[in-house]
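Those protein sequence lines, which keep their order, are chains A and B. For the first sequence, my numbering assigns the number 913 to the initial residue and increments by one for each residue that follows. For the second sequence, my numbering assigns the number 444 to the initial residue and increments by one for each residue that follows.
Quick caveat, the hints were computed from the structure, so don't treat them as lab data. Heads up, a few of these hints could be off.
Claimed, not checked - Quick partial rundown of chain B residues pointing at chain A, CB under 7 Å, derived from the structure: (1) F596; (2) M725; (3) T733; (4) L742; (5) W748.
For glycine and all other residues, C-beta sits at the position ideal for the given N, C-alpha and C.
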Amino acid sequence: MKEDTIVCRCEDITLGELRKMIKEGYTTLDEIKRISRLGMGPCQGDTCLQIAAREIANITGKDLSEIKMPTSRPPKTGIKLKELAGEYKDEE
Amino acid sequence: MKNKADVVVIGGGVVGNSIAFNLAKEGVKDVVVLEKEYLTSGASGRCGAGIRQQWGTEMNCRLAKASMDIFENINEELGVDRDIELKQGGYLLLAYSEKEIEQFRKNIKLQNSLDIPSREISLEEVKEIVPYINLDGVVGATYCPTDGHANPFYTTIAYAEAAEKLGVEINTYTEALDIKVENGKIKGVETNKGFIETETVVNAAGDFAKEVGKMAGIEIPVRPERHEIMVTEKVNPLQKPMVMSFSYDIYCQQTPDGSFIMGYGPEDPPESHSRKSSWYFMEKMAHKTTKLLPKLEELRVIRQWAGSYTMTPDSQPIIDGSEDVDGFYMAVGFSGHGFMMSPMTGKIIAKMITGKEAPIDLDLTLKRFERGNLILEPSVV
Chain A
913 MKEDTIVCRC EDITLGELRK MIKEGYTTLD EIKRISRLGM GPCQGDTCLQ
963 IAAREIANIT GKDLSEIKMP TSRPPKTGIK LKELAGEYKD EE
Chain B
444 MKNKADVVVI GGGVVGNSIA FNLAKEGVKD VVVLEKEYLT SGASGRCGAG
494 IRQQWGTEMN CRLAKASMDI FENINEELGV DRDIELKQGG YLLLAYSEKE
544 IEQFRKNIKL QNSLDIPSRE ISLEEVKEIV PYINLDGVVG ATYCPTDGHA
594 NPFYTTIAYA EAAEKLGVEI NTYTEALDIK VENGKIKGVE TNKGFIETET
644 VVNAAGDFAK EVGKMAGIEI PVRPERHEIM VTEKVNPLQK PMVMSFSYDI
694 YCQQTPDGSF IMGYGPEDPP ESHSRKSSWY FMEKMAHKTT KLLPKLEELR
744 VIRQWAGSYT MTPDSQPIID GSEDVDGFYM AVGFSGHGFM MSPMTGKIIA
794 KMITGKEAPI DLDLTLKRFE RGNLILEPSV V
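Using the sequences provided together with the hints, build the complete structure.
What follows is the structure, given as structure tokens:
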């Protein structure tokens, strides 16, 4: 794959940028997410996190299974505020 | 990892990194930061990213104003080239009763006396600033045009990078397990990666401040509680200020990248380190937001999360050196407002440790809670 291939389509992050972060020492997905916003867009990381995990494994020599996925945050897909508000009932 | 340090800072959030940077800048040689997860993994990376100077106590006003002055010149201050996404679109505070606007007027007097450019504005002006706002029940408002937003991840990383450039050692995934104290003096810190000999420790552990205090035998009266928050997809610039109300219980701001961040304070939350989000929050938050800011109803929520406020009895932080254990310092209990106060906090602690004059007048000692006569901060969501 070319270095200018987009790996995170929501935040326009290229493979080259991803590799640079890993080589700078950001070798966990939690760290990469926070310094680049990778995985924080509307797709919730569905595309980019697997690619990023594989790159971390390749560069650090770790096994892919050792790369921890960040906490998955609801909702799974975007929901309009008006739809959520319609579900609200005044009780906790 | 070093096995000997001049100062060990426990906590890799924005406060800990600000302290580490300022210590190095003051000439302290071996500064070591311990962070049990990754930088910003606690409250720094979970907060609402707002920067507010409209406070109701003198101490909070002073800390917030001096911190905003630093945020405005952060690249010069740190000597690193990182955009922290500062946006000064102001904070618009809404009052829903005569009593509330009376309190705001008192606050404004205090704020103005400390050079914070806040003022009361008419409801017509509110409409000019946020044309789509629903003013049902609103009796008054205040506005401070220099309040705003910055990116807490980038701010923390900027401090960390600046600190590392000055020789600070930052250890992520490194947990402080115990603090060795002998005859009222700090001797070192035990970590999961070995022992560090030191005479000075700074507790900047956020919602674990109480636990870190106990390691040194010091009771710190803080209470962590879970607060939730959510964010929408990005859209073109639409809303300039943070819209906030204490009685309606909401804050909602559009960040420079276009997404809207919003939250409200839970009622009587239990003491907890929980970082789990709840479905109920998302529905209630959406209900509150669409009522107050109807135009946002078409926006899609893309993510929700939670973090801790670390509350003190007066909702003001503890920025102090211990009277009981020599060499134990605290920058804790920010009560939900640590990010916005972190730049000045780092300076104060660094001056305190190096025995230099405090940059601003502050009285935020631990012992104030024993003395009583607390001045309570009235303005917290």
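- Violating hint indices (sorted, rising): Violated hints: none; all satisfied.
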